[in-house]
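Number of protein chains: 2
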Amino acid sequence: MSLLVVGSVAIDSVKTPFGERKEVLGGSATFFSISASAFTKVMLVGVVGKDFPKKYIRTLQNKGVDLKGLEVGQGKTFRWKGKYEYDLNTAHTIYTKLNVFQNFSPRIPAEYKKAEYLFLANIDPRLQLLVLKNMKRPRLVACDTMNFWITSSPQALKKVLKEVDIFILNDSEIRLFAQESNLITAARYVFTLGPKIVIIKRGDSGALLLTKNGGCFSAPAYLMDSVKDPTGAGDSFAGGFMGYVSSRNDLSESGFRKAVIYGTIMASFCVQDFGPNRLLSLKSKDIAERLANYKKHVQF
Amino acid sequence: MSLLVVGSVAIDSVKTPFGERKEVLGGSATFFSISASAFTKVMLVGVVGKDFPKKYIRTLQNKGVDLKGLEVGQGKTFRWKGKYEYDLNTAHTIYTKLNVFQNFSPRIPAEYKKAEYLFLANIDPRLQLLVLKNMKRPRLVACDTMNFWITSSPQALKKVLKEVDIFILNDSEIRLFAQESNLITAARYVFTLGPKIVIIKRGDSGALLLTKNGGCFSAPAYLMDSVKDPTGAGDSFAGGFMGYVSSRNDLSESGFRKAVIYGTIMASFCVQDFGPNRLLSLKSKDIAERLANYKKHVQF
Numbered sequence: 000m001s002l003l004v005v006g007s008v009a010i011d012s013v014k015t016p017f018g019e020r021k022e023v024l025g026g027s028a029t030f031f032s033i034s035a036s037a038f039t040k041v042m043l044v045g046v047v048g049k050d051f052p053k054k055y056i057r058t059l060q061n062k063g064v065d066l067k068g069l070e071v072g073q074g075k076t077f078r079w080k081g082k083y084e085y086d087l088n089t090a091h092t093i094y095t096k097l098n099v100f101q102n103f104s105p106r107i108p109a110e111y112k113k114a115e116y117l118f119l120a121n122i123d124p125r126l127q128l129l130v131l132k133n134m135k136r137p138r139l140v141a142c143d144t145m146n147f148w149i150t151s152s153p154q155a156l157k158k159v160l161k162e163v164d165i166f167i168l169n170d171s172e173i174r175l176f177a178q179e180s181n182l183i184t185a186a187r188y189v190f191t192l193g194p195k196i197v198i199i200k201r202g203d204s205g206a207l208l209l210t211k212n213g214g215c216f217s218a219p220a221y222l223m224d225s226v227k228d229p230t231g232a233g234d235s236f237a238g239g240f241m242g243y244v245s246s247r248n249d250l251s252e253s254g255f256r257k258a259v260i261y262g263t264i265m266a267s268f269c270v271q272d273f274g275p276n277r278l279l280s281l282k283s284k285d286i287a288e289r290l291a292n293y294k295k296h297v298q299f
Numbered sequence: 000m001s002l003l004v005v006g007s008v009a010i011d012s013v014k015t016p017f018g019e020r021k022e023v024l025g026g027s028a029t030f031f032s033i034s035a036s037a038f039t040k041v042m043l044v045g046v047v048g049k050d051f052p053k054k055y056i057r058t059l060q061n062k063g064v065d066l067k068g069l070e071v072g073q074g075k076t077f078r079w080k081g082k083y084e085y086d087l088n089t090a091h092t093i094y095t096k097l098n099v100f101q102n103f104s105p106r107i108p109a110e111y112k113k114a115e116y117l118f119l120a121n122i123d124p125r126l127q128l129l130v131l132k133n134m135k136r137p138r139l140v141a142c143d144t145m146n147f148w149i150t151s152s153p154q155a156l157k158k159v160l161k162e163v164d165i166f167i168l169n170d171s172e173i174r175l176f177a178q179e180s181n182l183i184t185a186a187r188y189v190f191t192l193g194p195k196i197v198i199i200k201r202g203d204s205g206a207l208l209l210t211k212n213g214g215c216f217s218a219p220a221y222l223m224d225s226v227k228d229p230t231g232a233g234d235s236f237a238g239g240f241m242g243y244v245s246s247r248n249d250l251s252e253s254g255f256r257k258a259v260i261y262g263t264i265m266a267s268f269c270v271q272d273f274g275p276n277r278l279l280s281l282k283s284k285d286i287a288e289r290l291a292n293y294k295k296h297v298q299f
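Top line first, the protein sequences correspond to chains A and B. Note that numbering that gives the first Met the number 0 has the first sequence beginning at 0, numbered continuously upward. Note that numbering that gives the first Met the number 0 has the second sequence beginning at 0, numbered continuously upward.
Only chain A is shown next, with the shape it has when bound in the complex (with noise of 0.2 angstroms):
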C-alpha cells in the first residue's frame, strides 16, 4: 500500500569515535524512505536547496524513492554537524543550519493526498497538522517529535496526537513529553491525548511497542560488536517499522509486533557505517539472515 513520508531531507557531518564524515546524505525523511524502501514503494515530501547534490537525488531515486514532493527552494540545503562520544546512544549537536528548511511548508502532490500509510518524521507539530489538513485520513498515521518541539509547542503537539494512530520516540522523549519517568505510565499519559499505540525508542536497549487496550511487546536491539554511526537509527526503525506494515497492510497488534522487529533490523543495518551507506548496499537476503540471527539471539 501507498506510505508517505514528510520530513527532513540534509547534508550531515559527523564525527564518531571511529571516524569522521563530511557533507553526507541525512535527513529523516531520507533515512526513513531508504530504509521502507526495503519493503515498498515510498513517497517524500521535503525540501532540499540548490546545493543539493545531484548524486543524492539518484541515490533515493535509486531506491525507488517518489520524489515529486521533494521541493528545491531558494538557499542551501539543511545542514545538521554532531558528535558522538564513547556513549553512542546520545549525539551532540555542534550546529543546525535550517537554511531552506525555516520556511519550509509542506507541499501535497494531488497524487499523494490518498496515501494510505503516513509517516510525519521529526518536524514541527504546527507542519504536521498542515499534512493532515491537506490529506484525505490515512488508513494508519504515525508521527514522531524531539524534545525541541515538546518544550517549545506542546498544544501544537498535542493538536497532532489527537489526529495520530502511533507515536513513536525515544525513551528521554516521552519521559520529558510526560513528565514521568516510568515508560508505561508515560505512555498511558500518551493514550489519553489520541494515540492508540506508542513505540518507545531506546537505542541499544531496543525497542517497546505499548498499546492503548494494553498491549505491551518489548524487542532487544539487535547485539552487534561494531556500531559507527548511530545517525538516522531512530528514523530507519520507523522505515522498516511503517514499511512492513504497509506492506502487509496488516493493522493486528501481531503484525505491529512483526513491524517492530523489522525496525529493529533496520535500525542494526543503518548504524553499522556512516549516513545510509549500509542501508544503501542491502539485500534482501541480508534482512532475512539478519533477521534469522536475531530470532537466534532472542530465543529461550
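Where hints are given, some of them may not hold.
Pairs count within a copy or across copies, as identical chains cannot be separated in the list.
Under the rule of at most 16 angstroms between Cα atoms (straight-line distance), these lysine to aspartate or glutamate pairs were calculated in the EDC-like manner [unchecked claim]:
| # | residue 1 | residue 2 |
| --- | --- | --- |
| 1 | Lys195 | Glu162 |
| 2 | Lys75 | Glu22 |
| 3 | Lys295 | Glu252 |
| 4 | Lys112 | Asp65 |
| 5 | Lys21 | Asp272 |
| 6 | Lys82 | Glu22 |
| 7 | Lys211 | Asp224 |
| 8 | Lys132 | Glu162 |
| 9 | Lys113 | Asp65 |
Because the hints were derived from the structure by calculation, they are not lab data. Note that this is a predicted model, so its numbers are computed, not measured.
Let chain A serve as the given structure and place chain B on it in line with the hints.
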C-alpha cells in the same frame, strides 16, 4: 544440587521517589539467597554483628536458607544508606559503614566445601580467592564485582576470573573493567581471562548472556508500571539465575538462557517493593504467572 553464596548481609536504609525505609534487611548474599530459595536450598557464608535483629535471622530461615556459615562478629552489622532519584537505575550512596564486614574472612563450614554451585557475590576479590582455595572445585562458579574492586584491585580480580565460569556484572562495570564501550567486545576481553560466560545486567534494559563460543542471548527486562526500590535487583537476578541452574543441574546454553529469564523474573519482583519484601511473600504460582506474562511480552 547444593548452592553456596558468599557475600554481604547488611542493614539498609533507602530513599526512593516512592518512599523511605530505615534499617531493613539487605546485602548481596541476602537478596541472592532469598531469590534462589524459590528454586533450591541455599547455604550462606557471611557475617553480621551482634546487633543483627533476630527477626531477620528467622526471615532467612523461613526461606530455608542454611545459616551455619553466617558468623556473628564482634561489633555492628554492615550498614548501607542510599537514595535513588527520578532515574531509578542509579543508586547514590549516602554512607557505607563496613563495621564487622571490615575484617570479614569467610570461613566455609566443612559440609559446605563440596557445594556444587558457588556464587561469589560482590566482596573483595582476595576474599573471593580465599573461598575458592578453601573448597573443592565446584561444578560451576559465578562471581560478581563492583566498580570499587575493578579500580582498586584489578590484579586480584583477574586472579579470581581465572577460576570462574561465569562473570555476572553491570554494563557500566564491564565497560570500566574492559575499558571498552561495546558490550560484546568487552565480553570478549573477559573471555581471555578465564570465564566462558558473561552475563551483563542492564537494569530496566534487561540482561545479556554471552558465551566464549559466540553464543548471544538478549533478554529484555519485565515491563512494569511501578518500581519502588531497585536495591538488590542485581543480586535477586543472580539468585534466580543460579537457583534455577542448580535446581536443573543443566549447564547447556539453553539451560543458561532459561535461567537468565528466571533471574529477570526474580529481579522484577524484587523492585516492586522495598528491600526483599516482595520476594519474601512470593509463591511459586506468582513466578509461573509472571513467566507466562513475560513470554507474552516478548513473542512475535
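Checked hints:
no. : hint            : in the structure
1   : Lys195 x Glu162 : within (11 angstroms within a copy, 52 angstroms between copies)
2   : Lys75 x Glu22   : within (13 angstroms within a copy, 64 angstroms between copies)
3   : Lys295 x Glu252 : between (22 angstroms within a copy, 12 angstroms between copies)
4   : Lys112 x Asp65  : within (14 angstroms within a copy, 71 angstroms between copies)
5   : Lys21 x Asp272  : within (14 angstroms within a copy, 51 angstroms between copies)
6   : Lys82 x Glu22   : within (14 angstroms within a copy, 46 angstroms between copies)
7   : Lys211 x Asp224 : between (36 angstroms within a copy, 14 angstroms between copies)
8   : Lys132 x Glu162 : within (10 angstroms within a copy, 67 angstroms between copies)
9   : Lys113 x Asp65  : within (15 angstroms within a copy, 70 angstroms between copies)
Hint compliance for this structure: every hint is met.
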